[in-house]
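K.L.:
All chains, please: the whole structure from these sequences, using the hints.
Taken in order, the sequence shown gives residues 51 to 209; the numbers are from the numbering used here.
Possibly wrong hints are sitting among the right ones.
Derived Cβ-Cβ restraints for the label pairs, each shown as a range [claimed, not checked]:
(1) Glu145 to Arg175: 19 to 25 Å
(2) Ala155 to Glu122: 47 to 53 Å
(3) Gly55 to Asp125: 26 to 32 Å
(4) Glu152 to Arg78: 57 to 63 Å
(5) Phe87 to Gln176: 16 to 22 Å
It is worth saying that the hints were derived from the structure and are not from the lab.
Glycine included, every Cβ here is placed at the ideal spot set by N, Cα and C.
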Amino acid sequence: MAKTGRKTKPLALKVLNGRHEGVDSGGRPIAQYDAGFERGAPSMPAWLTGEARNTWRRLCPRLTKLGILKPEDRDAFAAYCIAVQNLKKATQLIEEEGLVTETAAGNPKTNPAVSLQAQAMNTIRQFASEFGLTPASESNVAVVGEAKKKQDDADNPFA
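P.N.:
Spelled out as structure tokens, the structure:
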């Protein structure tokens, strides 16, 4: 679901504009979050094909390395990959047939692939935001590993 209000700044910008590491320009600590899930690469569904499979192979290792993906994300990430495949197919259809086609009566109408392309773009945008694949959404995804340890140490006055 979309958030209302201002877009969240990317984490890198918060750090860059901050007073020191882990603090934004207003002196507020930059939240680091870990929901406690085991992180790791989900298994690629056997039913993914073509461009969806290529997208999975291209992004899954990177997102896993960042600690973003977990096995429970398999279906949502597969849906993202399928949306990328659908975008490619719709774009190819538009290239072949043009933006406008003709009805059986010979009247011009918008190529149905245009709406398929728009739907795929919206789906990709929504899932990209969930997986931290846009600059503004990077700060909204779970940060784990060394960054989480640093945040815990910063919150502990005895560390």
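K.L.:
Confirm or reject each hint.
P.N.:
Here's how the hints hold up against the structure:
1. Restraint check, glutamate 145 to arginine 175: a C-beta distance of roughly 22 Å satisfies the suggested window 19 to 25 Å.
2. For alanine 155 paired with glutamate 122, a C-beta distance near 51 Å keeps the hint of 47 to 53 Å intact.
3. Between glycine 55 and aspartate 125 the CB atoms are about 29 Å apart, so this pair conforms to the stated range of 26 to 32 Å.
4. Look at glutamate 152 against arginine 78: about 59 Å separates their beta carbons, and that is inside 57 to 63 Å.
5. Checked against the hint of 16 to 22 Å, the pair phenylalanine 87 and glutamine 176 passes, with Cβ atoms roughly 21 Å apart.
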